[in-house]
Amino acid sequence: MNHFQLKGLKATRTGFGEGVLEGGRKNNNVVVIGADITASVGLDGFAKAFPERFFSMGIAEQNAMGVAAGFALEGKIPVFATYAVFSALRAADQLRISVCYNNLHVVIGGAHAGISVGPDGATHQALEDLAYVRALPNITVFSPCDATQACKATLSALFEIKGPVYIRFGREAVPDFTPSTLEFIPGKTQVFNEGTDLSIIATGHLVWPAIEASKILSSQGISARVINLHTIKPIDEETIIRAAKETGCILTAEEHQLHGGMGSAVAEVVVKNYPVPMEMIGIDDSFGESGQPDELMKKFGLTAENIALNAAHLLKRKNN
Amino acid sequence: MENSIEHLRNIARSIRIWVIKSLAEAGSGHLGGSLGLADVFTMLYFNVLKHDSQNPAWPGRDRFILSIGHVAPVFYSTLAHAGYFPLEELLTLRKLGSRLQGHPGKEHGLPGIELSAGSLGQGLSVSVGLSLGFRLDGLDNKVYCLLGDGELQEGSVWEAAMAAGHYHLNHLIAIVDRNGLQIDGSTEKVMRLEPLRQKWEAFGWEVTECDGNNMEELSFIFGKLAQGSSKPQVVIAKTVMGKGVSTIEGDYRWHGKAPTRAEAERFIEEILNI
Ligand SMILES: [Mg+2]
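Heads up: the protein sequence lines correspond to chains A and B, in order.
Each residue of the first sequence is one higher than the one before, starting from 19 at the first, in my numbering.
Each residue of the second sequence is one higher than the one before, starting from 2 at the first, in my numbering.
In short, the hints are calculated from the structure, not lab data.
Think of the CB as a built atom: it goes at the ideal place given N, C-alpha and C, for glycine as much as any other residue.
Mixed in with the good hints there might be a few duds.
[Unchecked claim] If you want a taste of the chain B side facing chain A, the calculated C-beta under 10 Å gives, among others:
hint, residue
1, Ser29
2, His82
3, Gly84
4, Ala118
5, Gly122
6, Gly130
7, Trp159
8, Met163
9, Leu273
Same shape as in the complex, but just chain B:
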């Protein structure tokens, strides 16, 4: 399912708009990271992952494990755009009785969720288990795991990274949302992560760095990843928190905030005019 770059950009734009709409409606949630990741999500669900929204349990699908559950708004918006459920349902985000929980919760029945997660530092371990399970069955399904950069401060991530390297899990692809920010501010101030590339390399991973908001570059990088490797692969995707809304771009205070209705209108206006 090759999609043109222009088409992908349009999808990403719509995904962002619905992220803003759903968060304004919810009155709480994480806007910054969700906007920053819209391009990565678009690339994954419209150009990379083998999946079928009409048959979410298709055994041949690749697995997408969202370790940073707090970017649920962009995950949900992407799933809706990919046809897993109607766009209107995005407006139930975080409400009582909704299938769209604050952090993904499978038991509430939303199609397309592989794992209930959101307590940081757990998704990569589950991805390691999945990859080992596929290997044991002689299957070549790929496992994609999305992590935040602040999340890398959790020691359990490095336990999982060590295991993936040890078992040469070459069908495992981790993506790090390297926006350089976390709730308290810059990742490098809160707890230094650099040199990040060398850390992953030392744990036995093949590392690619890229601009996570550049659709052409993402397309090129994921195309290259598909050629395979003998090692697990990690993409350090440099993104801008709040991407698409100039007044909030790079502002860590928007990590865990939702826009008011008035702000939402202005933000959407700007995205439409890009």
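This is chain A alone, in the form it adopts within the complex:
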């Protein structure tokens, strides 16, 4: 088992902002398009450091997405980030046609994803963004597990990927645990804990609880593999198929609707290649609501305890 050193609590949006700032220092083609909530999505650092490369578009996300496409046509490396409900969903058609159909290198940030947005409630909790963006041709979709990884994923999106990239991140400060030496390879998942009885595939904020769940399971004599699926598209079929073959069942965990989310993406790979029993943890066809992030995570079953509970249940199915 990997023993991660908990470095503290830090929001993935902060990691995203650090990545964009570093990217802006490295390459002056990086431009940022803002939609009013600059600081809230972690882009105030860039805006202060490079005001001439920061373009405020106001609360007009459809236009902002098109403007980003225009910058990309002119050889710039545009970053457009706002809450995921607006970047992935409000500007959905602009993302589809102006960005993806034209296969333009635009980095799109989906902030405040998931139920852990908290008190703002359902309107601002993006729970459907992955279902939409992962269906778009040409796009790469990242869902980093902590702030350190969010920073790396952002730099990868800026300088390694050629076409459109969507990066999903959250609002709340969450465990920052991946070592700075851990390489981020797009499309290559990370096995955080080798295990033989079952595999837990998690993404974003659910990766840390998955690691915690594996400890609970370990105390019950169950050996759980933990996989960090940080790239939703293109999906790492090889690691998923290997998990199906070697552990015989898969549990997925995500802060997103079960319909069309990461679990669905994993299931698509599993059923086509090596069907095994699966369970999925996520939001079950409902909107979110107001509350403290930890209260909401508990209410919607997005905790280490619930992951462990579902794992034990899944194991029974596998063994029957």
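Could you slot chain B with the ligand onto chain A? The hints should help.
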């Protein structure tokens, strides 16, 4: 590349004829708007835009962004007449495997397309981004964006118009095809656009209205635009849907229709005899 008005009229005539031919061959597509815009396209590609059909990626070119993708037939016909590809290829319009997609699709490899577009309300935003990009690089390339009048009902157009005004994008020129019609009928009945000039002015644009089917007037207007402005500029070009074919002129039912082969023959005959 100054061309005489008479020469431009001849080009426009040929562009119209090939629009009709390609649509008759395709069996579907948008005839009305394409015919109405033939004069504007001729003016742009033969008298206004800096471009090089033999080097479509020349960085110094002006950018033409077609926001109303459904007038692809006149766009393609113009590109072919300007030497981007052979005229005969126009007869592959809308067919499987063709580079001439129903709405412009860059990934199919047709030279001269800057942007795959056709979902209404997106081109002006992309043009704003392009203009800001040129400005950031200290370049003075112009960006021309062609919009339909019905398209102006899309709210995103006004988001883009607001941004262009806010950033004083004086190298951005929008052209509105003001034919007064859309699929369901008169724009003013479907959703009122007037007072259109005042709307653009309120968003910080310099507005010019003109007869979009009058080559002399177009020549004069675009010549004036070239002198520059401190604001983004919009040309509201009043055109007649179906221009050149008297039996269909101004008839909104020809917005999204293609002629039969027999109709096409009659239409072409009329254009040749003007
Ligand atoms: Mg119209």
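Checked hints:
With its C-beta approaching chain A no nearer than about 21 Å, serine 29/B sits outside the 10 Å limit, and its interface hint is violated. Interface restraint check: histidine 82/B against chain A, minimum CB-CB distance 25 Å, threshold 10 Å, status violated. This hint is violated: glycine 84/B has a C-beta 23 Å from the nearest C-beta of chain A, more than the 10 Å allowed. For alanine 118/B, the interface hint holds, since its Cβ comes within 10 Å of a Cβ in chain A; the closest pair sits about 7 Å apart.
At about 7 Å, the closest approach between the beta carbon of glycine 122/B and any beta carbon in chain A falls short of 10 Å, and the interface hint on this residue holds. With its C-beta approaching chain A no nearer than about 2 Å, glycine 130/B sits inside the 10 Å limit, and its interface hint holds. A distance limit of 10 Å between C-beta atoms decides the matter here; for tryptophan 159/B the minimum to chain A is near 9 Å, and the interface restraint holds. Contact between methionine 163/B and chain A, as hinted, is supported at the beta carbon level, the nearest pair being about 7 Å apart and thus within 10 Å.
Taking 10 Å as the C-beta contact cut-off toward chain A, the hint placing leucine 273/B at the interface is violated, the least distance being around 38 Å.
When each numbered hint is compared with the structure, violations occur for hints 1, 2, 3 and 9.
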